[in-house]
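Asks: Listed below are the residues making up each chain.
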Amino acid sequence: MSAPAGSMYSPEAAAMASKLGLKMGRANLEVFAATLLEIARADRNVLAVTSDSRGSGKLGPFAQALPDQIVELGIAEQNLVGVAAGLASAGKLVYAVSPACFLTARALEQVKNDVAYSDHPVQLIGISAGVSYGALGSTHHSLHDYAALRAINNLEVVAPADNMEARAIIRECATRRVPTYIRFGKAPLYDLHAADTSVEIGKSISLTTGTDICFIASGETVTHALLAGAAMAENGITARVLSMHTIKPLDIPAILAAGRECRAVITVEEHSVHGGLGEACAAALMQAGISVPFQIAAIPDEHTVTGSQADIFRHYGISMEGLAARANSLLKRAT
Amino acid sequence: MSLTDHELAIRSIQYRRDMLRWIVHAGAGHTGGGLSCMDILNVLYNRILRVSPETFTSPDRDRYIQSKGHCVEALYVVLADRGFFSSEKLQTMCGYDSAFVGHPTRAVPGIEHNTGALGHGLSVGVGAAIAGKKDQRDFRVYVLMGDGELAEGSNWEAAMSASHYKLDNLIAIVDHNTLQITGRTRDVCSNEPLDEKFKAFGWDVHTVNGHDFGQLTAALIPSTHTGKPRVVIANTIKGQGVSFMQDVAKWHHGVPSEAEYAIALRDLADAEAQLGQSKGAVQ
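So the sequence lines, in the order shown, correspond to chains A and B.
Just so you know, this note's numbering puts the end of the first sequence at 338, numbered straight through with nothing missing.
Just so you know, this note's numbering puts the end of the second sequence at 285, numbered straight through with nothing missing.
These aren't lab readings, by the way, just hints derived from the structure by calculation.
C-beta: ideal position from N, C-alpha, C; glycine also.
It cannot be assumed that every hint is accurate.
One-sided excerpt, in silico: chain A residues whose CB lies under 10 Å from chain B [to be verified]:
1) 79
2) 85
3) 89
4) 97
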């Protein structure tokens, strides 16, 4: 199946995906909503809490099927997170669902104090994360969330790369009961993993093995890294691609292994260059005394260019072509 | 066995004495607001709340959330008195590696929620109250807020949702001492009339003398299922019980000197003596 029109992928990238046998799946947001419905049907203690966000969270069917298990709070994100914490304090398994941009900025103090510090295990679901809202502009982008939430104790941060990761992580969260932030975009995603792949919070997934370049990517950027690696392989360059779905706690051993075994490392994320996956990996490598040619592919510290998510990704080189060019250039420095 | 108003009054004096002792010992604390809400805490923990150290983990317990977390010293002395922990543990208050932080945390037995940043407790209370309704449990949720705290907009988000969900198992208490750190709340950013505001938000509003045990008791137990959350606006005096602290903003987090502490203890001893006489007169 080829990529849909207006897609995140150039014709060449879509062709590469086809060559790799990748199948186009659904948006992670849809998978989240379907998975939550399954979990909630089996356990009436499971609640979805929304801030006029059931539509954008794809929770319409959930609300219809389980009206007693959705708590609507209107456009009031601070209250959303505080109420979610109160529900969790009384034993409810709460998924607080709101656009990532509002959930992690406007309600940041509630996340910090009422969820993380008070240790009430709310699952914070940041929908339409990163630049998913595209041309709606920076009010609706969340390019700060990894940075802000990484610095909060007792909070895990996860960005699934495909439908399998999303489904597994939502299910894992239902049993772990740890304060967790999970972000989803709304673009359809390629399925990246074999059916028997193990997905576990805190453990990265190696999509390919290689020793020339390592792409450590998170969330919706992983596919682009995988395609870039495949494009480079045609020129005899081997790429290791890691889906670092958990930003915190980081899979440090996998990062250090990449630094030791590969000639260069590029991190890829739909986030500001500041304070996200890239800086976390850089810190891990430096503190282990590993010096390796290293770059952060992310959104630079500037007014983000206007356009769709696809436009923004292309503009900043978060694409098969952009990442391959960046890797080739970095590898020249490595030799 | 429930205590008489007279016995509660004696207890409040002892609580105030204990609170001052620990604040002086720690060299830190929110003295004025602790004194203003002490009688409210006294009534809650000795007459109203269905919670004890033994039942604190029960899903049916009443919940108390102190949204005005800075007045934690008052809460600590009441919890110690109710047996949640030994009062001697307060020796460590605000000290290195102590569980007894300058704001409430769940590391302390009896505390439901970590507070300190203002404008958080009511939302958390709404969440707990919704859970109670869903599970058809009859516990009540009490949230104590300061009047200065009501400038935080999140309170009004929470107030809207409480009436939307008809949470008659939620009781907010406003420690209405009319002072905040800068001065009179009405001069800093007026939030009056509070009763009209809560009424407009769909609440069942009761205004009481926050130092009157009988009035507090009557207001803190909703008598019927009204379908409305209740707010008790407790008119209090910041610094209540200590002559030179009463209604003086600077005692918001003032720590008395040795000489001032001696005067404060004398004020409390005088009040205790008067109570003794009044009890004698009644008998």
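Asks: Indicate, hint by hint, whether the structure satisfies it.
Replies: Results of checking the hints against the structure:
| no. | hint | verdict |
| --- | --- | --- |
| 1 | 79 | holds (4 Å) |
| 2 | 85 | holds (3 Å) |
| 3 | 89 | holds (2 Å) |
| 4 | 97 | holds (8 Å) |
In this structure, none of the earlier numbered hints is contradicted; all agree with it.
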